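Residue strings, one per chain:
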Amino acid sequence: MIETIVIPLLKIAVLLNAVLVSVTFMTLLERKVIAWAQSRLGPMRVGPYGVLQAIADPIKLILKEDITPVKADRMMFTLAPIISLVPALVVFAVVPFGGDELFYITDINVGLLFIISVTSIGVYGIILAGWASNSKYPLLASLRASAQLISYEIAVTMTLVSVILTAGTLSMVGIVQAQQDSGLWYGFVQPVAFVLVLIGGLAETNRAPFDMPEAEQELTGGFHTEYSGMRFALFFLAEYANMIVISAVVTVLFWGGWLRPFPSIDALAFLDLIPSWIWFFGKMFVFLYLFIWIRATLPRYRYDQLMRLGWKVLIPIAIGNIVVTGIAKVVL
Amino acid sequence: MATEASPIFDTDELVINMGPQHPSTHGVLRIVLKLDGERVIDADVVIGYIHRGIEKLSENRDWTQIILLTDRMDYVAAATNNLGYCETVEKLMEIEVPRRARYIRTVLAELQRIASHCLWLGTHAMDVGAMTVFLYAFRERELILDLFEDYCGARLTYNSMRIGGLPLDIPTGWDNKVRAFCDLMESKIPEYEELLTNNRIWLERTRGVGVISGEDAVGLGLCGPPLRGSGVYRDVRKDEPYAAYDEFEFDVPLGTNGDTYDRYLIRLEEFKQSIRIIRQGLDGMPEGPVMGKVPRLIKPKAGETYHAIESPKGELGYFIVSDGRATNPYRFRVRPPSFCNLQGLRPLIVGHLVADVVTLIGTIDVVLGEVDR
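The listed protein sequences correspond, in order, to chains Z and C. In terms of the numbering used here, the first sequence opens at residue 1 and continues consecutively. In terms of the numbering used here, the second sequence opens at residue 1001 and continues consecutively.
Don't take each hint at face value.
[Said to hold, decoys possible] Facing chain C, from chain Z, some residues (calculated, C-beta under 8 Å): (1) 37; (2) 208; (3) 304.
If you're looking for bench data, these hints aren't it; they were derived computationally from the structure. Quantities reported herein were computed from a predicted structural model and do not represent experimental measurements. Glycine included, every Cβ here is placed at the ideal spot set by N, Cα and C.
If we strip away everything but chain C, and leave its shape as in the complex, we get (with noise of 0.2 Å):
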């Protein structure tokens, strides 16, 4: 991709700074660009602007107020990183969680899932330059974080599960207005899918561009959409389902290409599915508590676990290590899905034009919150 010098015209390359201040690196990620015209040569892709230091925080905190901590990660899917700590903790405690907390669980992660689709719909058109798709998705959005502050009072970072099971039942009524939102939501997908999917210019901008194999995406260690969109079969739920997703029925969408047509079809694909889920877990609802028997103070015997779920970004994954003597965590470690699939963004940006730079940072789905921790 070198350009040589020539003898008469001396090319130089201009080293770009994108971010932090940058209407596209989707909170404070930096981008060092290499351009040749606009063609990118090299990147560098600088993190850290948001690190908060949430693990060595957790390993001075109770173990219920890591729960707290874990919102302030993947801050659009907060119900998420609840989910995968409490069962973490759960799993490393032996505690039974009851089967109407798993559902009430799974019926709030994938609720969490089309949020966060949403969100990254919305700014990944808004890239590409189609803002009309950004107002719709966040109009939708808008009714799953209602949704969510009608079960817990809060919108965005929740703190809505608790370790054994879930601190409230749901309110009465709300499944209704989750089973009317699911109804709308599937006639707004079709509203997408209008202004995109076959759009030409879309298909020009997306089709072809990032394009990374199926090999290449398990070895930068690729997960979540970005790795189906290269045709590799890995979903969490199915491969090691977690809260009730063994009795679910639900398709995991692959891609063919993996290009980020493929990704953006996968993840609309994932809307769909989500909305099968959620209808399954509201209609065998069992009844019950949903709290586990929890022990008052909570201190599991030294230890150490790792476990992961699927969220909406990919697989995350939590590590902890008890001492079994304190009532925090000796040590507390997170693979965020997010940081893994940054990694992927500096092969697939060599080589591009800095327009589809933009395009690529929307494809892999970032959350920088989550990234730096």
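Isolated chain Z (complex conformation) (with noise of 0.2 Å):
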């Protein structure tokens, strides 16, 4: 009973929370991290150094008033947020933030399968908000949601399936103790697949250079153009969680998740000092880092550039590397 409900339920409740407080410290990190980049301070005012504008910015958001447009499909408009931000959620479940049985919430052995499934159901979260909204610049978002969805997705599934295959294994945490027993993170192994991953991961997170479907300049904010107060803070809840998901997953596929650098080299073995779940939050944080980095850094892609990207070089690529992993898994 303990063993099955109580503690499975309340390891839901503190990782649930933990995403969401960590969310709204994310918002404050991005705009810290864009402010250094572009030779400002960011947030100074609410709390020593702007910190407390996390929490001020969530309570801003659920004063504001909830707007519904009159022509709005209103069922479909409430929806929407919670389909986006619902399987961002979820997929955590399956996500090992360290090497003990206390970390994960589940284990299930098509771990991988199952956050990719997932994650695809909350792109259907943009489409309906731009379809819903009723409005023209919503509607050519959820076209873009949709054009990128299909180009990057494929791609990444892919690419995903040469790790599978080096692992042997769909279990997240399989995957990570296979990298243990090989003794090289997969991203030594699988360098190709890992920066197709973090492509990829970019696109899916609707994150710059990908971000056509809420390109602010061009679409006055796309498919949240019509939202706003609290709803409006699902979307954007839902694209902080899916930037924190997919680092997860990309330190688990190829940074070797709880494990410490070169875990085969035994003369590092003072690292294991180190708990394992802080070497999971280290790896996460940088390619969180590395998010807004990139946001700061480039320029947006045109949607149509995307799909040229997506059909024409990742999917070849990512073939190609199951074909090259296939013969190597063969061969060796």
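If you follow the hints, you should be able to join the two separate chains into one complex; please do so.
Here you go:
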């Protein structure tokens, strides 16, 4: 009873809160990092160095008037942000934050497949939001989101196949253990796949340079043009939760999850003194920082260019990678 | 470009209203886009949202009062507007401007060009999605505004020139501040280039986008960087030198492809040329008065004149008619570069995607205050 219900529920409660709180601080981090990149200070007014901005922002969003346009499809309009957010949170169920069983909710034997399928539901939220708003700019944004989805999703999924081939398992914990056994992070074994998943991850989370669906300068905010208040906040939460998901997935697949660097070299064994979850969060933070850094640096792709990139570059490379991995697997 | 109506799938054209409230329309421009998917098949550029009747207003003002009004046309390059107007009236009245005043005017105009190009670079990059460049460019523009504040006390609408010269000599130490700024600016241009010039995404977004041939550019009456981007040599500073430009050495950068990327490169090069002109101006600054001999009552004799200068956006011309009796112009007409360049917008954007529309609004560098007047 306690083993099967109470402890998992407790874990879920802790994890949900942790994710949602870290999302609010992610927004602060993003504003701060971008500000530093642009030689300014970022939020400085609320609390010391603007730390409390992370709390002020959600309060502001909750207190704002929540407007539904007259011509919007009311049900879908409300449902869309929820569809967007829930998958982003559900995925955390299979992410192992540490080596011990305490640090993950569950380890299912098709963990990676679960992540791929659940995260692709999230984009329906964006498509529905654009459609239900019954407004022209959001409609264009939702069309872009659909085009974007089919361009990167196939490439990313195919790339993951090569990782699965290498690890011989779909379980997230299993993949990390396989890296422990082989003594190498898969980032070194599968460098091409690493880069592809990182690019695909940017597209998946609608982050710059692939933020076409919300392109403020073109579509005045894109799919969330008509949203305000808490419903807008849900989209916001979803975007940042997705960023954390992608960082976690990339960490697990390519940077050895909770493992220390070079797990096979005994001379570095003193690094094991650092708890496994700190390694995990440290690596995740690197990717989150990278996402923000990219946003501060790069211009935006045009959506036909993303489609060209997806279909003509990423997918052929992904297929080639599978073939090479397969041959290597048989030969070695 | 028109799609044939399929018997099964009926495709509708989507008419979308971009602006006047839109983050990328640089003020209050409205573009009615007819879209097939995201491709623009027709566009209607609507202007007039910031019309203040400056031309008509000027016909009821003193000759000196009009300088104030010219500030408010191209409000990101007020000093060049002042310069154009003052020179036109001087030409009409045949007033000789002291050499020192002409030098200072040139320095001010070139500083203004850098400031205006900074604003253009920032917003243009922002439209394409690179937001850091925006902050970088505005950081340097701020320093120019400080220099102008030191000179005349204002930061946006300077009213910094008078008919016959300048109201003020440059303050002590100002030239050294400008020199320091030139050095700084020179070290900052590589920062912009690093973020954009060889950036793969920037290249994809700007190369081959909004191509216009030199012939078409002339036909449309484009001027300034959009014209030079297509490889047409036309710079009023060289062709019909005014102020002290005939005494300075500088190059006029020309493009070859006439696309957005070339126009970007040209403006970046103009930063460097402007710095070159400013340095020459400061080094060769003659001594003497800054105000010429001007009658107490400015009342040109009957006649008309047209005079053009090269504003940051292109050829800024003033056509003024005086009837010789009143202390205000009989007819006051401005040929604003933004207005003429805006003519080129429709041919540029038709056939491109929505994402390119904002890029192309950025690349022709319009200021709506000048378009509508």
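Do the hints match the structure? See the list:
no., hint, result
1, 37, "holds (6 Å)"
2, 208, "holds (6 Å)"
3, 304, "holds (7 Å)"
In this structure, none of the earlier numbered hints is contradicted; all agree with it.
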